[in-house]
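Enquirer: Construct the entire structure; sequences and hints are all you get.
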Amino acid sequence: MSEQNSTILNVLQQQFADLEAKMNGTTNSEAHLVRKSAFEAVKTNGLPSRKNEEYRYTPLAKQLEQEFADFTVNPEIDAETTCPKQLPDLSGSFIVFVNGVFNNELSHKLKQIGVKITISTSQQELMKNSPVSEPSADVFSGLNLALASSGSKIIIEKGAVIENPINIIHISNTEKGKVMTTSRHEVILGENAQAMITEVFVSTGGNASFTNSAMEVSVGSHGILNHYKVGLDNDSDLRIDNSCFTQHSNSVLNTVNVNFGGKLVRNNLNIALEGEYCETNLDGLYIPTAEGNIDNHTVVDHKMPNSNSNELYKGIMGDHATGVFNGKVFVRADAQKTNAFHSNKNILLADTATINTKPQLEIWADDVKCTHGCTTGQMDKEQLFYLRTRGIDKESAQKLLLKAFAEEVIEKIKDDTLRARVSAILDDNLNR
Amino acid sequence: MLKIENLKASVDGTPILNGINLEVRPGEVHAIMGPNGSGKSTLAAVLAGREEYDVDGGSVLFQGNSLLDLSPEDRARSGIFLAFQYPVEIPGVSTTNFLKAAVNQVRSYRGLEELDAVNFLKEMKEKMKIVDIDQSLLRRSLNEGFSGGEKKRNEIFQMAMLEPKLAILDETDSGLDIDALRIVANGVNILKSEENATIVITHYQRLLDYIVPDFVHVLYKGRLVKSGGKELAMELEERGYDWIKDEENHITA
Numbered sequence: 000m001s002e003q004n005s006t007i008l009n010v011l012q013q014q015f016a017d018l019e020a021k022m023n024g025t026t027n028s029e030a031h032l033v034r035k036s037a038f039e040a041v042k043t044n045g046l047p048s049r050k051n052e053e054y055r056y057t058p059l060a061k062q063l064e065q066e067f068a069d070f071t072v073n074p075e076i077d078a079e080t081t082c083p084k085q086l087p088d089l090s091g092s093f094i095v096f097v098n099g100v101f102n103n104e105l106s107h108k109l110k111q112i113g114v115k116i117t118i119s120t121s122q123q124e125l126m127k128n129s130p131v132s133e134p135s136a137d138v139f140s141g142l143n144l145a146l147a148s149s150g151s152k153i154i155i156e157k158g159a160v161i162e163n164p165i166n167i168i169h170i171s172n173t174e175k176g177k178v179m180t181t182s183r184h185e186v187i188l189g190e191n192a193q194a195m196i197t198e199v200f201v202s203t204g205g206n207a208s209f210t211n212s213a214m215e216v217s218v219g220s221h222g223i224l225n226h227y228k229v230g231l232d233n234d235s236d237l238r239i240d241n242s243c244f245t246q247h248s249n250s251v252l253n254t255v256n257v258n259f260g261g262k263l264v265r266n267n268l269n270i271a272l273e274g275e276y277c278e279t280n281l282d283g284l285y286i287p288t289a290e291g292n293i294d295n296h297t298v299v300d301h302k303m304p305n306s307n308s309n310e311l312y313k314g315i316m317g318d319h320a321t322g323v324f325n326g327k328v329f330v331r332a333d334a335q336k337t338n339a340f341h342s343n344k345n346i347l348l349a350d351t352a353t354i355n356t357k358p359q360l361e362i363w364a365d366d367v368k369c370t371h372g373c374t375t376g377q378m379d380k381e382q383l384f385y386l387r388t389r390g391i392d393k394e395s396a397q398k399l400l401l402k403a404f405a406e407e408v409i410e411k412i413k414d415d416t417l418r419a420r421v422s423a424i425l426d427d428n429l430n431r
Numbered sequence: 000m001l002k003i004e005n006l007k008a009s010v011d012g013t014p015i016l017n018g019i020n021l022e023v024r025p026g027e028v029h030a031i032m033g034p035n036g037s038g039k040s041t042l043a044a045v046l047a048g049r050e051e052y053d054v055d056g057g058s059v060l061f062q063g064n065s066l067l068d069l070s071p072e073d074r075a076r077s078g079i080f081l082a083f084q085y086p087v088e089i090p091g092v093s094t095t096n097f098l099k100a101a102v103n104q105v106r107s108y109r110g111l112e113e114l115d116a117v118n119f120l121k122e123m124k125e126k127m128k129i130v131d132i133d134q135s136l137l138r139r140s141l142n143e144g145f146s147g148g149e150k151k152r153n154e155i156f157q158m159a160m161l162e163p164k165l166a167i168l169d170e171t172d173s174g175l176d177i178d179a180l181r182i183v184a185n186g187v188n189i190l191k192s193e194e195n196a197t198i199v200i201t202h203y204q205r206l207l208d209y210i211v212p213d214f215v216h217v218l219y220k221g222r223l224v225k226s227g228g229k230e231l232a233m234e235l236e237e238r239g240y241d242w243i244k245d246e247e248n249h250i251t252a
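Line by line, the protein sequences are chains F and W.
For the first sequence, numbering that gives the first Met the number 0 assigns the number 0 to the initial residue and increments by one for each residue that follows.
For the second sequence, numbering that gives the first Met the number 0 assigns the number 0 to the initial residue and increments by one for each residue that follows.
Everything labelled a hint here was simulated from the structure, so no lab data went into it.
As the structure is a computational prediction, the values presented were derived from the model and not from experiment.
A virtual CB, placed ideally from N, CA and C, is assigned to each residue, including glycine.
Please note: incorrect hints may appear among the correct ones.
[What the hints assert, rightly or not] If you want a taste of the chain F side facing chain W, the calculated C-beta under 7 angstroms gives, among others:
hint, residue
1, 365
2, 385
3, 387
[As the list claims (entries may be wrong)] With beta-carbon atoms standing in for the labels, derived distance ranges:
hint, chain 1, residue 1, chain 2, residue 2, range
4, F, 381, W, 111, 50 to 58 angstroms
5, W, 140, F, 22, 53 to 61 angstroms
6, F, 363, W, 181, 54 to 62 angstroms
7, F, 120, W, 95, 47 to 55 angstroms
8, W, 54, F, 394, 22 to 30 angstroms
9, W, 140, F, 290, 51 to 59 angstroms
10, W, 147, F, 428, 33 to 41 angstroms
11, W, 53, F, 366, 33 to 41 angstroms
12, F, 376, W, 211, 54 to 62 angstroms
[To be verified] Restricting the straight-line Cα-Cα distance to at most 27 angstroms, the calculated cross-link-like pairs of lysine-lysine (DSSO-like) are:
hint, chain 1, residue 1, chain 2, residue 2
13, W, 7, F, 398
14, F, 393, W, 7
15, F, 21, F, 35
16, W, 7, F, 380
17, W, 244, W, 164
18, F, 357, F, 61
Expert: Here it is, written out as structure tokens:
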């Protein structure tokens, strides 16, 4: 157990014990043993400190130690928790969790032809519905596995084309106290099926929250999945998300990950291309608030030949904000004829703002086309001057340029309603 | 309209303008010619308010007010327009996109009512004819992938939309073939009136065949060393700039 985060580990140990106490004799099941060993690993390794290369710029463990050392249990919440105002007019199925508890009132349209949605409201159900798999190397992924007590499983039938989006809404309501939430979701897109899944993270209230979410996604061969993740966290929110995608042959995955706030937000996006002729488009936008930190770690692992991946992550950092981008691309020896184009672009609006960016490319195959790169700069002075000579005031000109910069990512959202909504949220953020 | 007195400017401590004197009245076209490095583009940039240049002395009065105290946007709103020698590319921002904001900020500064979407479009369609520009071009990212001619036509189109009192054309002829040059010059001539004025900055006389100047000034080593009518431009075309340099260096020696 590492010294600096011992208190928070005790808190987590208590959470795990509370869960076990609720399990009425099923603690010896095979699935629970996997969870138990996952938690043992968390205890052995400790939460990653800044000495850990993957968390060098993201002091999540330290923040947890500061904010959650006295945490015991989530507060009761008022029944009238409503869907936050940021989310009107999204259509389709709504699977809503408030502080990690499935909320039947806010959820609707859980039945769609071609889709089977199963909600798990306890750890037993979660284990029954989704056989637990080994966690990825990330310690928080192991912690998620050990502590998850709710979630959903979404199965899209072979050949089904789902027109209505499926939305998973995570609401943290901290009005009555600090909130810790762990949820786990699984998506299985059948062969030749098509669907759109949107995850939204949003919070109300001024107390600290810690959300640890995980999603495992399998994209069947010839399937097309549009996956969107929208983070609308508050200034006191800590959040980590581990999303793991497996793509089978001839499948297409379009994933757009936009984040606008949070005290500290960490996204781990792992994409394994297990089949041939896959296409992966992964795009992201991060605009942390004045003191916020948004960290995106992405991994694209080309394991088989003839696949393409395109990545564009863009960030705007002002004040004392911090952005982190770490994009790894692996092209394995078998993955000949791979095309992988990855890019990260950043604008720093102040000398006190920070971006730590590290694109990494590791190639074992010899017949591939790969590029990666990153740019970091201030606002383009020439562009700004040009717009001002046309009579546009400096502030409006800056907003116009930042909007254009950010829209390149938002334009990748194929769904008109969601794209318009995210674009409006961008405007709000540029105006603050 | 514009009165420049003993204007001195430098960039990074290097003096470039060493005392410019120039008066421009409504209805006039002034050409400023000069060899490379004489300070032509600097003069345009200082008038438009580019922040990298330091004004070290002198004054510029525009319609009776000190121009040098104004921000670039307020200069534009009060009626200065700079057509860029190298129009900037702005990915993701189309002409239509920023020009509506620009036109309305300019109009509101001038005490005019803002244009709604319908009237703005109407106004655009009218002004597009002046330089024969296509609407699809105006919807694309500004200047990205535009030909040289398209970039310069777009500059003059913006000038038409913003209705300046004083237009400064910074080497608008550079990189233009003769057909594009005619279209651009024709646009400038259509926009000319008794109330507005134009400063044409150019290295070559050719543009002045199409935009006929009332006055021609020669800029050399940061000062206007010679002024005359349009025949001065012809003389420069024939004899080049060396005789000016010789005369000037002789005097200072």
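Enquirer: Please flag the earlier hints that this structure goes against, numbers listed from lowest up.
Expert: 1, 4, 9, 11, 12, 13, 17
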